[in-house]
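As a plain string of letters, each chain reads:
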Amino acid sequence: MAVIEAERVAVEARPWWRRAWENLRSASGALLFMSPATLLVVVFFFIPVVLIIGISMTNMSTATGFQNWKWVYLENYRRILKHPNTLQVLRNTLMYVALTLAFFNVGMALVIALITTHIPRRAGLLYRALWLLPRLTPSVVYVMMWKYMAADAPYGIINRHILQPLGLATTNLLPIYPWVFVILVNGFIGASFGMVIFTSAIESIPREYLMAALVDGCTPWQRIRHVILPLIRWPLLFVTTYQTLSLLTSFEQILLLTEGQFGTMVWSLWAYERALSNYWGNFQWGFGAALATVLVLIGIVMAVVYMRYFQFEALIQEPKIETL
Amino acid sequence: MEVHLEHLTKRWGKVVAVDDLNLEIRSGEFVALLGPSGCGKTTTLLMIAGIYKPTSGYIRFDGRVVNKVPPKDRNVGMVFQSYALYPHMTVYENLTFPLKLKKVPEEEQRRKARRIAEMMGIGHLLDRYPAQLSGGQQQRVALGRALIKEPALLLFDEPLSNLDARLRLTMRAEIKRLQMELGITSIYVTHDQVEAMTLADRIAVMREGRLQAFATPEELYERPRTLFVAGFIGNPPMNFTQVEVIQQDGQYLAVNPDMRLAVDPDRGSRAAGRGRVIMGIRPEHITLARDGEPAHLEAEVYLVEPLGRDDLINARVGKETHLHFLADPALKLRIGDRVRLRVDTSRVQFFDPETEQSLLWS
Amino acid sequence: MDEGALRTGLRPRQMYFLMFLMTLLTLPIVVGYLWIFISTFSRRTHGLIPVDIEGRPFRGLTLENWSFLWQDPNIWKVTLNSLILALGLTVGVVLISAMAGYALSRIRFPGRKGFLALTLILHAFPSVTLLISIYFVLRWLARIPVVGRGLPLIGGIGYNTLGGVILVMVSLQLPLGIWLMKGFFDQIPWDVERAALIDGASRFLVWRKILLPQIKPGIAALSIFTFIAGWNEFLIPYTYMTQQEKSTIATYINSLLSETAPVNYSQVAAVGLFQLLPVLLFFVFTQEYLLSIFSGGMKGGA
Ligand SMILES: Nc1ncnc2c1ncn2[C@@H]1O[C@H](COP(=O)(O)OP(=O)(O)O)[C@@H](O)[C@H]1O
Ligand SMILES: [Mg+2]
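Chains as they are written, first to last, in my numbering: chain A, 1 to 324; chain B, 1 to 362; chain C, 1 to 302.
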């Protein structure tokens, strides 16, 4: 009995090395499942983050090649500050994000979600399916469609069917109203994310609340204003933060639509263009990396804030099996 | 197989689910773990199965410490409250899953599955999926799956609590029969004391992670060692009243402002001279005095709950002492009726109000 | 007229007005896709009107735009590449997410919470900003003998190989996949897994034989979603694959567009529709799955 007692005490107060060993053992069981994901995350997230910060402090470019580059430390960042385009690009980026977000990714998304839940079910489904189409369409085809929309008469749809019959002067609209098209192109894709989330949030509002509001004599509009909107403010906040981040870093559509011409250069495209894709084949990896690093830092900060907001702890439960 | 739990303890952070549990289960014995929900029964069972690791203490199978043995090597079978059938497999596949893992030849699998299915009366359901079965049928399949690998230890976690009352009775009888036939050591978790009383050779009563008592059903019923056990075992539950036991004229009287009850001297003597104690009287030991028969107590009917075969009467003695007892519905007792009661005073229990320990048994 | 998804108390007139408004908002989409459809069967279009060479309206309907299907051998090569990319991506994302999602949902191991937090952060992380440094990683990978750039079918896992593009895309899709998979595993009752362990299975076998079959709907949804993402992807192959014969449909269309003028829009639209068609078919048949995963992903994310 005394022996057992001694052993029991030994188990209770496990020394640190014993605990470390047990941790390692249980980790090795999970390792089998975790290793592919871990490997990819390390190779394609961790290393690149470190790399991009590192590269941003060099003068690496096609001119220096991969051998003859030098550390320039914060030189690239100084160049960004002094660059004649910086202010303009910054302004463009803010405008692009703010307007697309307000009009489409949140605004239009909310409008569609509200309307399609207030009209007959099948019609609502049809409209939502149509709005999902742009997201499912290959971006190249989708952007081409918009280019054709803007093209000069007699080809372009707007020119041919609206301006021409009205007797107005026709021209390629893209260079004249580049921002309108940038926002439309991105917005028609972006709206569906919020639309799906808002719709499912609205549909999962307990029926009693909605019925009670009607019984109390609310008009549909009052009900939206005082019952539905307050109840979906959480998804609203989620979509707003999440989509801000997506818009800030998305440039594929702009690349395909204008390549940043007509004054539509945004920050992420600027980084991409400088480092990886431009006409002159002069890739300024160091400068591009510095531009990207700015976004990476914004991204990290926002992601952390976003985690705080969305109560990470509440989403995880402890596993209820302790053996391997 | 013998199962010994020694100082078994399980903590999650600050929650102590199982606290220094000691239990020796003999080979072939049917033991019930009985306690209110949340008292740590399931946790104990899952530690024995190897799903949870004990924080401290030991689990021994036939003397061998199995703390580190993974569940698949413990040779136990388990039946869950939720049945836990594999929803994507047919009944046959569910039954043979343990055998498949042991790489038993197909032919033998088929033979064993057929035998078990016959034993459980589910032979005609082998091609169905769990979702196509009734609760009772699912529980039979779960039982069959636990039995098919011929485990040395069977664990049941409230297997009947999702069934309707009638099915529960049938299944209860069936589990008892099977266990007696096969002689497999079994641990049966339940919060239903009737189930525990009817099934088990011995009952371990738990409360807040601690063992309260471990004894045969008769022992727990007749000689409860703690107030908790006395209150938990027996249906309807025991009546408790605060009294003082005094000795007067060679008699022992349990006294409070509402009543004076002469009790069996053997029992009364142990409670006498201790100041306030708690007296326990089982409802079934209170009867109505027949005409001409002397009564121990006079009371007024306060509430009548018809239970079908009996009426459960709540009667008030004096100002505020209430006693429950059973009466024949044919008597048609009404609220406000005066009744004369007899108490089997040789079976009353006494407890220390501080320690809640029995003054009679220790 | 049936009621709205919510009981609204709207009068029919108001409802018609809402539907009219919705139609107006949706019009650009309808018109745009209508144009794609019309132009693929026309010599040319003026707006939505098919015209012939002389510009006479409602003439010039033709199947010629589809002739690339039998005349341009490249189309089948790039289609095959797109298919390999989409399938490889799907297999990779589903398999790796299902493994990691299981461990994160159900196994106790040190670092579990940390990794979960990390997936959530990565889920919201602007991964496209890493394209520049991933370019360097891929160039390193290309130097690994054999696997770098000497594998059949996918070329390898380095720069300028299909395999490399797949790896990058798998990584970028992984946080979402892991998060969704974890959510699906979270929903399976613990007793089922406990029963299987007691029946004699290892955790790997439990995963493979008991849990995976139970989350089939989730796997299907994630597969469809991932397949479409891979089939449509433009930026990653465009960035990391410079050789024409290795490109995918998306980059192929882009090269048609940026080729020497004048661009034959009708033909490009036909190729575009060719790429869009499988997605549309998929979508029509799997709408519900997709919507459930979109909103399921939201529950995981919010
Ligand atoms: N996996 C777990 N993690 C944390 N606490 C748990 C876990 N399982 C059970 N508990 C807690 O331990 C106590 C005992 O639970 P349990 O063994 O399930 O009780 P019973 O089966 O007797 O109803 C409860 O307070 C419960 O909340
Ligand atoms: Mg329990």
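Check each hint, because a few of them may be wrong.
Said to hold, decoys possible - Simulated crosslink set (SDA-like; lysine to any residue; CA at most 20 angstroms straight-line):
(1) C:K113 to A:E318
(2) B:K332 to B:S346
(3) B:K53 to A:K147
(4) B:K53 to A:E318
(5) B:K68 to A:E322
(6) B:K68 to A:K147
(7) B:K68 to A:W16
(8) C:K209 to A:I321
(9) B:K14 to A:I321
(10) B:K102 to C:L205
(11) C:K113 to A:Q317
(12) C:K216 to B:H88
(13) A:K147 to C:I49
(14) B:K14 to A:Q317
(15) B:K68 to B:H88
(16) B:K53 to A:W21
(17) A:K147 to C:K113
What the hints contain is simulated information worked out from the structure, not anything from laboratory work.
Each hint, compared with the structure:
no., hint, verdict
1, C:K113 to A:E318, "holds, 9 angstroms"
2, B:K332 to B:S346, "violated, 29 angstroms"
3, B:K53 to A:K147, "violated, 64 angstroms"
4, B:K53 to A:E318, "holds, 14 angstroms"
5, B:K68 to A:E322, "holds, 11 angstroms"
6, B:K68 to A:K147, "violated, 68 angstroms"
7, B:K68 to A:W16, "holds, 19 angstroms"
8, C:K209 to A:I321, "holds, 17 angstroms"
9, B:K14 to A:I321, "holds, 19 angstroms"
10, B:K102 to C:L205, "holds, 13 angstroms"
11, C:K113 to A:Q317, "holds, 10 angstroms"
12, C:K216 to B:H88, "holds, 10 angstroms"
13, A:K147 to C:I49, "holds, 17 angstroms"
14, B:K14 to A:Q317, "holds, 17 angstroms"
15, B:K68 to B:H88, "violated, 31 angstroms"
16, B:K53 to A:W21, "holds, 16 angstroms"
17, A:K147 to C:K113, "violated, 47 angstroms"
When each numbered hint is compared with the structure, violations occur for hints 2, 3, 6, 15 and 17.
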